[in-house]
Amino acid sequence: GAVVSQHPSWVICKSGTSVKIECRSLDFQATTMFWYRQFPKQSLMLMATSNEGSKATYEQGVEKDKFLINHASLTLSTLTVTSAHPEDSSFYICSVRNPGGWVNEQFFGPGTRLTVL
Amino acid sequence: GESVGLHLPTLSVQEGDNSIINCAYSNSASDYFIWYKQESGKGPQFIIDIRSNMDKRQGQRVTVLLNKTVKHLSLQIAATQPGDSAVYFCAEAQYGQNFVFGPGTRLSVLP
Numbered sequence: 001g002a003v004v005s006q007h008p009s010w011v012i013c014k015s016g017t018s019v020k021i022e023c024r025s026l027d028f029q030a031t032t033m034f035w036y037r038q039f040p041k042q043s044l045m046l047m048a049t050s051n052e053g054s055k056a057t058y059e060q061g062v063e064k065d066k067f068l069i070n071h072a073s074l075t076l077s078t079l080t081v082t083s084a085h086p087e088d089s090s091f092y093i094c095s096v097r098n099p100g101g102w103v104n105e106q107f108f109g110p111g112t113r114l115t116v117l
Numbered sequence: 118g119e120s121v122g123l124h125l126p127t128l129s130v131q132e133g134d135n136s137i138i139n140c141a142y143s144n145s146a147s148d149y150f151i152w153y154k155q156e157s158g159k160g161p162q163f164i165i166d167i168r169s170n171m172d173k174r175q176g177q178r179v180t181v182l183l184n185k186t187v188k189h190l191s192l193q194i195a196a197t198q199p200g201d202s203a204v205y206f207c208a209e210a211q212y213g214q215n216f217v218f219g220p221g222t223r224l225s226v227l228p
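Residue numbers (the numbering used here), protein chains in the order written: chain A, 1 to 117; chain B, 118 to 228.
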């Protein structure tokens, strides 16, 4: 399977600050990446689909101005949580879609834990 | 509607016993199903997948069964080990569409 990395693995920030999370596809070029959010003891919720070279597609209820996604290269997508608040504290996970495999194959990163004080 | 829940059922099994984790999916048009294992503080790890044209697929110590009639998916783990303790998620997908994850089941392996 693909190797996907995320940075940082854990970030603690003050309320009102912005945090950038990076997702990298290390062994193939990913035209499509996905961002998920997972609250404690809950399932993964898709936030947005990140498409290289174009605007991200956001799921209903996800504020695009608050969760900025940039997919400037085939190996990197970034998620910026702007003006973070304690309710944004969560586990953020990215995944990449394998362009050469079954159309829905996804490989997940290790996740980034965001804690907003 | 799509199956995304807020509760986390728990399954406790003795080490060495077989485990069966169940999942009900909601979209009859889904044609691809995956089981993921998620350990605490980590991202989901692929275990096994199955396409809708199959009803059974086996991996190493794991078997996935698909019953499309009742929209039910199960994961069987043979000779469960302490390292199998984790949360297990099923996910369903339709060709070209995104994954929808189930609520997850926590598997606890007792010594």
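Don't take every hint at face value.
Unchecked claim - Derived pair list, reagent style DSS-like, types lysine-lysine, alpha-carbon separation capped at 25 Å:
| id | chain 1 | residue 1 | chain 2 | residue 2 |
| --- | --- | --- | --- | --- |
| 1 | B | LYS173 | B | LYS185 |
| 2 | A | LYS20 | A | LYS66 |
| 3 | A | LYS66 | A | LYS41 |
| 4 | A | LYS14 | A | LYS64 |
| 5 | B | LYS159 | A | LYS20 |
| 6 | B | LYS159 | A | LYS14 |
| 7 | A | LYS41 | B | LYS173 |
| 8 | B | LYS173 | B | LYS159 |
| 9 | A | LYS55 | A | LYS14 |
Note that these hints are calculated values from the structure, not bench results.
Here's how the hints hold up against the structure:
With a C-alpha separation of about 11 Å, the suggested pair LYS173(B) and LYS185(B) falls inside the 25 Å cut-off, and the hint holds. At roughly 12 Å between alpha-carbon atoms, LYS20(A) and LYS66(A) fall within 25 Å of each other, so this suggested pair holds. A threshold of 25 Å between alpha carbons decides the hint, and for LYS66(A) with LYS41(A) the separation of about 24 Å falls inside it, so the pair holds. Annotation: proposed proximity of LYS14(A) to LYS64(A) holds, straight-line Cα distance about 21 Å (limit 25 Å).
For the proposed pair LYS159(B) and LYS20(A), the alpha carbon gap of about 19 Å is at most 25 Å, so the pair holds. The suggested pairing of LYS159(B) with LYS14(A) holds, with an alpha-carbon distance near 24 Å, which does not exceed 25 Å. For a cut-off of 25 Å, the pair hint linking LYS41(A) to LYS173(B) is broken: about 29 Å separates their Cα positions. Between LYS173(B) and LYS159(B), the direct Cα distance comes to roughly 28 Å. Violation of the 25 Å bound is thereby established for this hinted pair.
The straight-line distance between the Cα atoms of LYS55(A) and LYS14(A) is roughly 28 Å, outside the 25 Å bound, and the hint therefore fails.
This entry does not satisfy hints 7, 8, 9, going by the numbered hints stated previously.
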